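**Q** Residues 2 to 109 in the working numbering are what the sequence shown spells out, letter by letter.
Hints may be right or wrong, so weigh each one.
If you anchor each label on the Cβ, the simulated ranges turn out as follows [said to hold, decoys possible]: (1) Lys-80 - Ile-29: 19 to 27 Å; (2) Glu-62 - Thr-27: 37 to 45 Å; (3) Thr-70 - Gly-44: 16 to 24 Å.
With a straight-line cut-off of 27 Å between C-alpha atoms, the simulated DSSO-like cross-links for lysine-lysine are [what the hints assert, rightly or not]: (4) Lys-10 - Lys-61; (5) Lys-10 - Lys-66; (6) Lys-61 - Lys-78; (7) Lys-66 - Lys-78; (8) Lys-80 - Lys-66.
Just so you know, these hints were derived from the structure itself, not from any lab.
Here the structure is a predicted model, which means the values were calculated and not measured.
Ideal placement from N, C-alpha and C gives every residue a C-beta, glycine not left out.
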Amino acid sequence: MQIMPVHLKWLRKYGIEREDLYDGCTNINVGAFVLADMIRMFGPTWRAVGAYGAGIAANKEQARKEYATLVQASLEKLKRSGSPALPPVRAQLTTTPAAPSRPKMVVD
């Protein structure tokens with residue numbers, strides 16, 4: 002998964018260094034943790050997916066939209082391909098944004 006450098010500071014609190022992210026299990030666990038935090042902040046929306054890739058700063062809204070659009074396009078491509086590796090989606094993401102406030106992170 003894509004782990005942005007901005008996360009390295011708080012990851013160090015847990016003994017996770019940049020090099021550790023090359024381990025598949027560590028990488029997926031950290032990435033899922035970050036994505037879960039974005040979903041907690043923005044709700045189960047494409048905006049949360051965008052925040053995972055572009056960050057939560059107010060001036061990153063366009064970048065969030067662009068990242069989410071890329072992920073949506075990849076998801077649609079997988080659906081059309083009939084890929085057996087694609088698990089069923091349990092919850093539908095919405096385009097309705099949640100409150101943009103930045104509460105305490107799960108890791109804080």
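**Q** Evaluate each hint against the coordinates.
**A** Comparing the hints with the structure gives:
The hint said 19 to 27 Å for the Cβ distance between Lys-80 and Ile-29, and at roughly 22 Å that hint holds. A beta carbon spacing of about 30 Å between Glu-62 and Thr-27 contradicts the range 37 to 45 Å that was offered as a hint. A hinted range of 16 to 24 Å holds for the C-beta pair Thr-70 and Gly-44, which are about 18 Å apart. With a CA separation close to 20 Å, the supplied pair Lys-10 and Lys-61 stays within the 27 Å bound.
Among the hinted pairs, Lys-10 with Lys-66 is consistent with the structure: their alpha-carbon atoms are about 26 Å apart, no more than 27 Å. Pair hint Lys-61 plus Lys-78 holds up; C-alpha atoms about 26 Å apart against a cutoff of 27 Å. Taking the CA atoms of Lys-66 and Lys-78, the gap is near 18 Å; set against the 27 Å cutoff, the hint holds. This hinted pair checks out: Lys-80 and Lys-66 have alpha carbons roughly 21 Å apart, not beyond 27 Å.
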